[in-house]
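Engineer: Below are the chains, spelled out letter by letter.
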Amino acid sequence: RKEVEQDPGPFNVPEGATVAFNCTYSNSASQSFFWYRQDCRKEPKLLMSVYSSGNEDGRFTAQLNRASQYISLLIRDSKLSDSATYLCVIPGTGANNLFFGTGTRLTVIP
Amino acid sequence: ETGVTQSPTHLIKTRGQQVTLRCSSQSGHNTVSWYQQALGQGPQFIFQYYREEENGRGNFPPRFSGLQFPNYSSELNVNALELDDSALYLCASSIGRGGTDLYGYTFGSGTRLTVV
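Protein chains in written order, with the working numbering: chain B, 27 to 136; chain Z, 326 to 441.
Hints in this document: simulated from the structure, not taken from any laboratory. All C-beta atoms in this analysis are idealised placements derived from N, C-alpha and C, irrespective of residue type, glycine included. Incorrect hints may appear among the rest.
[Unchecked claim] Over 10 Å on every C-beta distance to chain B, these chain Z residues come out as not near it, computed from the model: (1) Leu-336; (2) Lys-338; (3) Gln-342; (4) Gly-353; (5) Tyr-360; (6) Gly-365; (7) Phe-370; (8) Asn-380; (9) Ser-398; (10) Ala-412; (11) Leu-413; (12) Gly-433.
[Said to hold, decoys possible] List time: in silico BS3-like cross-link candidates among lysine-lysine, alpha-carbon distance up to 30 Å: (13) B:Lys-71 to B:Lys-105; (14) B:Lys-71 to B:Lys-28; (15) Z:Lys-338 to B:Lys-71; (16) Z:Lys-338 to B:Lys-68; (17) B:Lys-105 to B:Lys-68; (18) B:Lys-68 to B:Lys-28.
[Stated by the list, open to error] A few chain B residues that don't get close to chain Z, going by computed Cβ distances all over 10 Å: (19) Val-30; (20) Phe-37; (21) Lys-71; (22) Leu-72; (23) Thr-87; (24) Leu-113; (25) Leu-124.
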């Protein structure tokens, strides 16, 4: 089983919509979780972290469900500029490496 | 404060050749990690260098090797290139060998390698 699994999408949503992505992880001992955003042909950039039950930053909410071993990212009031690939990331056991999901592609349509 | 820079930005090589990719870490960072990102996939950890020594390695064959220099810049070398090595190669610099605070974990913009 992969350390991190994501639905690759693509998700095509109209402007203003609410969209949610899920990511499951295999290591029940994981303590920290991250969402990265990656624009086409660019490097990943840290979007949000989740250390306990959840985290909210403006239109973005990240939630953690330890019992079911998944994290989610909710984007409210989608903007055209939210179009990107969203990567779920979990540090490895040794914490010197990161496990990335395959990414979920989001396109926000005018 | 400069960010992470990688060179070259793009590269085309022939199967069987060798390639060297370079990464300059962000000022104040002493750790460099390398990742391979194939098209449509998430980045996969290759290895990490901390204070000039390898500190962890992912599931990559020995023909993937690296170096870190006293100024903490790093090189990734790939020998006997295969078509499947075509990917975006990302390096990330950070402070220290590990930890779970990724706010200081900075990616470079990557080198896009195409093997033909």
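Engineer: Need the list of violated hint numbers for this structure, in ascending order.
Structural biologist: 5, 6, 7, 8, 11, 12, 19, 21, 22, 24 and 25
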